[in-house]
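Student: Below are the chains, spelled out letter by letter.
Protein chains: 2
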Amino acid sequence: MKAYPECIPCLINQGLNAVRKLKLPKEKELEIAKRSLKFLSRFEEFDKSPAYYAYFIQQIVKEIAGTEDPFKEMKKLANQIALKMLEELQKDYQKASDKLAFSLKLSAVGNFIDFAVKGLFDVEREVKELLKKDFIVFDYEIFKERLKDAFCVLIIGDNAGEIAFDKLLVKTLKDMGKEVVYAVKGKPILNDATMEDAEEVSMTKLCKVIHNGSDKVGTWLEDCSEEFRKYFYEADIVISKGQANFETLSDADRDIFFLLVAKCNPIATETRGIVKGLIFKYKN
Amino acid sequence: MKAYPECIPCLINQGLNAVRKLKLPKEKELEIAKRSLKFLSRFEEFDKSPAYYAYFIQQIVKEIAGTEDPFKEMKKLANQIALKMLEELQKDYQKASDKLAFSLKLSAVGNFIDFAVKGLFDVEREVKELLKKDFIVFDYEIFKERLKDAFCVLIIGDNAGEIAFDKLLVKTLKDMGKEVVYAVKGKPILNDATMEDAEEVSMTKLCKVIHNGSDKVGTWLEDCSEEFRKYFYEADIVISKGQANFETLSDADRDIFFLLVAKCNPIATETRGIVKGLIFKYKN
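Keeping their order, the protein sequence lines are chains A and B.
Counted from 1, the first sequence has number 243 at position 201 by the numbering used here; the numbering is strictly sequential.
Counted from 1, the second sequence has number 245 at position 203 by the numbering used here; the numbering is strictly sequential.
Honestly, the hints are just simulated from the structure, not real lab data.
It cannot be assumed that every hint is accurate.
If chains are identical, the list can't say which one is meant, so a pair holds when it fits in one copy or spans any two.
Think about it this way: if two alpha-carbon atoms lie no more than 16 Å apart in a straight line, the pair counts; the simulated EDC-like pairs of lysine to aspartate or glutamate are [to be verified]:
1) K104 x D278
2) K305 x E129
3) K76 x E86
4) K118 x E238
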């Protein structure tokens, strides 16, 4: 998808939010805002995905934070909190009559939560509230139909923390006899899950985990490794998680199931969902 | 007050919101965003008030809308809705044991409502909800003390619609024997009240109304008429309404009572209030 005009101020806000989340000195906020302005003001057209511009804003964040992995500690914390919660949630999973639908919902809910920002208590309450909601867009029948003949399922992961919640989806698909491959980022970008996170939450013990060889926001196929592209094009089913992967793969040359929570108007519009709505959308 | 870094994306959003409110063609949004980016990217420091930058963003809005008064129709509608509501509210005012406190609150509530955007029903509900709230910052004792010896009170108005709600404050002060002067903008800017609005809501029949000779966002004293500055410096009490007037007058060289609802974090921080909180703050 192409960036909307309202993505422009939001991109600047993303940089400012990073400064706050990382607890960098206050004066860094103005530096981020000014450099984001200068970067964005060079474009005559905004015909790339929001994630395209977001990548360069995050490069500014990395430079100002003075580290290649500014969200490292937050990712560790997010994994710990999500794993802790998963113990409880596994009981609900066991009770669920439709385990596939439950694990899809839990995976979408995981996409919405910023595990490392609030305390465990608030996260638990938020997850419980979100699990009560129905999907706003739910292409479940198509999914089950496609799943019948599928052998290999590729899940393109999104954030640390969230990756722990995806484990039940992987387990469910494996219990159905599918081969599951889970893809993470090749290098740190934002709080996106990397191989380190996959190991921390033991996703590596559950299924084959590959990295995409890229440090971009979302999935820029042209920047990904040959191995990732092979799985992307040859998997029978691709499940893509989160907004940035939707932004960068919504026009990709294969069919995809997008699993996410819409966090803003442009994504709600593009997915025909609503803001804060759980989305499981098929594009062919 | 000086702009906060988070004012920068907000300023771009203000331009985009104007396009939507004015129902201009969608493609104008990108134009506004791009021109705002280019304008803002020229600054090395952001040491002026947010309203300073907002003025230039609104100049871009005027140019793109192709009119000097793009909010003209919205202002008329806001006045009509506010006047309609005032009929009901006058009964509550009659019942109020402390008419001064009630009229201050109604005036603050009027500052929060975008009368022309929602329907009458929604506005009525919103006003009722807001009237139940207490002031978060309420320098009422100082105000009553200062009022004892005061002869002339200047009220610096803010928006169309809101100006109708201010009539009860003017009436109350007049009933206390004060001379009240109400100031509006010299020329159209945003949905700020001008002499036309003062006439539409019959403020002109209630007290002396002056215009400040300026078309700036907020009150830039150096851009205001001699007449306005005379009242500003010679009035015994100045009540300044809304965020933009707070932004531009918070460092002014006289004491002021600021009456507003904080609509964002920077203003909540500067007024020591909270977002959506009713504020009546004295600065000496």
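Student: Hint by hint, say whether it matches the structure.
Tutor: The hints, checked one at a time:
1. K104 x D278: neither (36 Å within a copy, 53 Å between copies)
2. K305 x E129: neither (27 Å within a copy, 41 Å between copies)
3. K76 x E86: between (18 Å within a copy, 8 Å between copies)
4. K118 x E238: Only inside one copy: K118 and E238 sit 9 Å apart there, 60 Å across copies, limit 16 Å.
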